Amino acid sequence: MADILSVKNVDKNFGRTRVLSGVSFGVESGEAVLLLGPNGAGKTTIIKCILGLLNFNGSIMVDGIDVKSKGNLARAEIGYLPQLSSYYETLTIEQHARLMASLKGASRDEIERSLEIAGLQDVRNRMVKALSSGMRQRLGLSIALLGNPPLLILDEPTSNIDLEGQLEFKRMLQRLKEAGKAFLISTHLSGLDLIADEVVVLNAGKVVATGSSSEILQRLGLNDKMYLKVSEAQVSLVKEVANGLGGVPEFKDGWLVLPVSPSNKATFLEELLKRGVKINDLVVEQFSIESEYVKLLQVNQQ
Amino acid sequence: MSNYSLWTLVYHYFKESLRQRWLIIFSIIFFFLAINVPTLVLLSANYLPPNYLPLYLSYLVSLTFPYLPLLALPMGAISVVQEKESGTLQYILSTRVTRHGYLFAKLTGLLLATTAVVVIGYGLAALVAYRVSLSHYVTMGEIILVAVILNAIMLLLAMTVSILTKRRETALGVAIAIWFLFAVVSNLGQLGIVLNTTHATPYFILFTLLDPTESSRILAVIGTQTVADILLTNPTQLGVTGDTIVGVFGNQSVAVILSTLLIWLGTLTLLIFLLFRRQDAT
Numbered sequence: 012m013a014d015i016l017s018v019k020n021v022d023k024n025f026g027r028t029r030v031l032s033g034v035s036f037g038v039e040s041g042e043a044v045l046l047l048g049p050n051g052a053g054k055t056t057i058i059k060c061i062l063g064l065l066n067f068n069g070s071i072m073v074d075g076i077d078v079k080s081k082g083n084l085a086r087a088e089i090g091y092l093p094q095l096s097s098y099y100e101t102l103t104i105e106q107h108a109r110l111m112a113s114l115k116g117a118s119r120d121e122i123e124r125s126l127e128i129a130g131l132q133d134v135r136n137r138m139v140k141a142l143s144s145g146m147r148q149r150l151g152l153s154i155a156l157l158g159n160p161p162l163l164i165l166d167e168p169t170s171n172i173d174l175e176g177q178l179e180f181k182r183m184l185q186r187l188k189e190a191g192k193a194f195l196i197s198t199h200l201s202g203l204d205l206i207a208d209e210v211v212v213l214n215a216g217k218v219v220a221t222g223s224s225s226e227i228l229q230r231l232g233l234n235d236k237m238y239l240k241v242s243e244a245q246v247s248l249v250k251e252v253a254n255g256l257g258g259v260p261e262f263k264d265g266w267l268v269l270p271v272s273p274s275n276k277a278t279f280l281e282e283l284l285k286r287g288v289k290i291n292d293l294v295v296e297q298f299s300i301e302s303e304y305v306k307l308l309q310v311n312q313q
Numbered sequence: 227m228s229n230y231s232l233w234t235l236v237y238h239y240f241k242e243s244l245r246q247r248w249l250i251i252f253s254i255i256f257f258f259l260a261i262n263v264p265t266l267v268l269l270s271a272n273y274l275p276p277n278y279l280p281l282y283l284s285y286l287v288s289l290t291f292p293y294l295p296l297l298a299l300p301m302g303a304i305s306v307v308q309e310k311e312s313g314t315l316q317y318i319l320s321t322r323v324t325r326h327g328y329l330f331a332k333l334t335g336l337l338l339a340t341t342a343v344v345v346i347g348y349g350l351a352a353l354v355a356y357r358v359s360l361s362h363y364v365t366m367g368e369i370i371l372v373a374v375i376l377n378a379i380m381l382l383l384a385m386t387v388s389i390l391t392k393r394r395e396t397a398l399g400v401a402i403a404i405w406f407l408f409a410v411v412s413n414l415g416q417l418g419i420v421l422n423t424t425h426a427t428p429y430f431i432l433f434t435l436l437d438p439t440e441s442s443r444i445l446a447v448i449g450t451q452t453v454a455d456i457l458l459t460n461p462t463q464l465g466v467t468g469d470t471i472v473g474v475f476g477n478q479s480v481a482v483i484l485s486t487l488l489i490w491l492g493t494l495t496l497l498i499f500l501l502f503r504r505q506d507a508t
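Protein chains in written order, with the working numbering: chain A, 12 to 313; chain B, 227 to 508.
By construction, these hints were calculated from the structure, which means they are not laboratory data.
Bear in mind the structure is a predicted one, so any value in this text is a computation, not a measurement.
Don't take every hint at face value.
What the hints assert, rightly or not - Result set (EDC-like, lysine to aspartate or glutamate): computed pairs, CA atoms no more than 20 Å apart in a straight line:
| # | chain 1 | residue 1 | chain 2 | residue 2 |
| --- | --- | --- | --- | --- |
| 1 | A | 81 | B | 242 |
| 2 | A | 140 | B | 311 |
| 3 | A | 79 | B | 506 |
| 4 | A | 181 | A | 209 |
| 5 | A | 188 | A | 121 |
| 6 | A | 250 | A | 281 |
| 7 | A | 240 | A | 251 |
| 8 | B | 241 | A | 100 |
| 9 | A | 140 | B | 242 |
| 10 | B | 241 | A | 105 |
In isolation and in its complexed conformation, chain B is listed as follows (with noise of 0.2 Å):
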């Protein structure tokens, strides 16, 4: 397969990706609660404090990194099982498309397009807000970066369930719950460790650790400012999980919950690598 035959299948991708509703509505969506309207209507109006910003964005992250995993999810569990179904994939696989550029196709026009609306409902964000001050520039970057982290990590998980799943409401409804799991079951399984467990923490961690929703939100919030930063301001920001995962692993935290964000990148991208060419392609 050559690279000219790769990339045209990428670019058809990404464009088919664009044309999916649900990318749409979610942009939509997702722009209004990253911009968090009456916030920058204030803040632009000077009529928040300038200190208000770093907790702003600490709220803005907190508020929508739950429902980042919405936009890939939904869009990754449906992409290879949708193809199987209607025989589009068996007819791609029948040319000279190995499985391994046929994935790696579908897997790069996905995130192009479900990254680009990350970055441009954040960076919209950016540009509002930082009317007020130009040197957190660098901070949004990195609370981009977290996101698209965080993204990869549901799209990945969302394909492997694709690629798993025979039909298409099968894997829609494996990928709501899997959101569902990281949203709210985890925090709840988080609160029984917390009440139920005679020394907690190591499995408080762990289990934060596993849920790359919760722990990609630490991280960016731990962006906006220095640990030490949050700590003095407003440690409620990190919310308890972040709290300790903070109090144990201090200014270490961010190397280990990136860390943690790139296992999960890497062993789902072999995963699906793995299942995908071991699998009957139909």
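Same shape as in the complex, but just chain A (with noise of 0.2 Å):
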């Protein structure tokens, strides 16, 4: 598939600080990307290059667009949600949302659309400076979706919102990606690594890792676990189960604790069912690649 957003060794200093080096990497048409890394390691930079609001080195293409040379084309391309989301706080929604669609060439219907996606068609009126977090992440949403961008970058999405918002903001977003979006997603602890088809570590203006988040848990050597009760005279058998699938269990507070990878998992319970093992009680401890990619960079510092 064709890459959406492809960035190549792009360099950027702020005066003699380097803050990216040699940073490369792709977004394929609808795929799901998430930039993950420490607050300063460059995620909201990049995305500042990537939309020309900053001058670098190197090549950044958007849809075959050079950024450089056709930034607001390339822009055409692109639906952002900043980090903190700047409105101009004496408009209502709408009259905000009609502002941005005419600067991107979007129609009445489209407006409609995406205020009814963001579920603020009911509160249209409402100021803007009279919006609760949440809602002010859900109106950059729907102004991100104007012009019916193919990719979407989010910065840090749901740092400003509550649980409940953030359930509901990936909901969105999962039928999003349905619909064959593409995202960008900046983050260092959202929980949205279960959307993401492949994930881009950084440090300190570096990539330190590329790839699947289950491929980047199984470098780190850390498996799901999974915790099986079953009948003693059944142990064996599971053991026997485990060691052809490259797992070593052990026994934990009574409790068979077996490491597995995430790709594993089902194929390990099809064959336990199969050998004829019952199963009293389990329980599935998963490794998150957002929670676990600080050892990451401690190896890569090592």
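Put the two chains together into one complex, using the hints given.
Okay, structure coming up:
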């Protein structure tokens, strides 16, 4: 599949400080890429480079359009949700949407559709300054969707909203992903890894790892853990199956603990059931790339 | 970026400018300053002689012109930096809007709003004053034109500050310092040149022409009457600076001052577009 976004060898300095160094990655059409990294890793800076807000060395292409020479055309392919949703506070939701729609060349119908997707059609006359963080974020998303851009860039989209708002936001993104939108999502802890196809880990302005979240977790030796309760008579059978799949089980507080890779979980259970193992209880502990990538940074530093 | 998008943005910034408290406060003060209430009351009640009008106009110009920059300087100074700080600049520039388009819209919106205040302020003065004599409408038009040029120069100067600064407070401080420089320090400098320099005239003229507030005041005063009339009736209206310029350039004074003001306009316009194009928008 063709890259909707291609970032190649991007360097950026602020004065004498190098904030991005040889950053390269891509986002394919319909793909969700998570840009992970601690504060100050360069996530927002690379996004600003993609949007042409910052000057940089290297090459960035959006849908084959060079950001440096045809920035405005490249940006027409992008819907952007900034980290701090900044609006003209004296406008209403609808006035804001209309202003941005005219700048993005979107029709009146599209305004209605994007307000509906973001669930803002009933509060369209509310002043922006009176909106809660969650509603501001939804307004940001509805504006990002104007003009039907194939690529959405979301900078820390869930950082300012409560848990309920985060869950609602994730559902919205999931629906958009199913509708074929490509995403570049910058985050350091959002729970959005579940919708990501690829993860790019940034640290101190450099890409330190790329791949799917399960690949990166495996690289770190971080498998999911399955906690099983089976009859004593069947323990040896379970161990045999686990060994066959490359896992080494151990006993812990009456539970049989099995490290399994995310892709092996279903296979492992199928095999146990096929061999007639009766599972009395089952708990799965999943590692999340968002919580574990810090280990990757430590490994990298060593 | 389409023309429709561009003019939508111009209209947006025009409305935003009209909502600014400073514009409203200044409009009220300027209105009373421009119509110079007591004089006009006396004038319309025929308590002042008819030939008082040209003199009144030149005093009006000298009274109001030094304060005119106080409209555009603060508004222009916060224009871009405020949007940098709040993040709306990045938001606007993340769409198809080009940097030049943004700056054009911002400048035009502000220019329209501030020009409206200047035109309405002096225009109302004209309406009241020229119950006495309709023939002076042209003169008032000339004064308004010079005031609009001065306002545009100050706006461009302030926007240069706004582009170069990172904090709103810094930009406002620099803007006020610029007004102080042109309204007070410049006069002291001119005085210093006269008192301390042998063959002071060329420096004195240069110094005056480099001060758009003073040079536009002189231009507007000349606009109220012919140079010959001013020199004949009341040369003090021009002040020492105007007197020197008229003494050297004679009837060419208008062309010289106007050219200088247009150079200011052209240079500053070019400068803000160049600076903004090269800068990180953050």
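Right, here's what the structure says about each hint:
1. Restraint check for residue 81 of chain A and residue 242 of chain B: not satisfied, since their Cα atoms lie roughly 29 Å apart, outside the 20 Å limit.
2. Of the pairs offered as hints, the one joining residue 140 of chain A and residue 311 of chain B holds, with about 17 Å between alpha carbons and a cut-off of 20 Å not exceeded.
3. At most 20 Å may separate the alpha-carbon atoms for a hinted pair to count; residue 79 of chain A and residue 506 of chain B meet this at roughly 13 Å.
4. Of the supplied pair hints, the one linking residue 181 of chain A and residue 209 of chain A holds, its CA atoms being roughly 17 Å apart against a limit of 20 Å.
5. With a C-alpha separation of about 18 Å, the suggested pairing of residue 188 of chain A with residue 121 of chain A holds against the 20 Å cut-off.
6. For the suggested pair residue 250 of chain A and residue 281 of chain A, the alpha carbons sit about 15 Å apart, so the restraint of at most 20 Å is met.
7. Taking the CA atoms of residue 240 of chain A and residue 251 of chain A, the gap is about 16 Å. The hint holds against a cut of 20 Å.
8. Restraint check: the Cα-Cα separation between residue 241 of chain B and residue 100 of chain A comes to about 13 Å, which is no more than 20 Å; the hinted pair holds.
9. Of the pairs offered as hints, the one joining residue 140 of chain A and residue 242 of chain B holds, with about 15 Å between alpha carbons and a cut-off of 20 Å not exceeded.
10. Pair hint residue 241 of chain B plus residue 105 of chain A holds up; C-alpha atoms about 16 Å apart against a cutoff of 20 Å.
Checked against the numbered hints above, the structure breaks only hint 1 and satisfies the rest.
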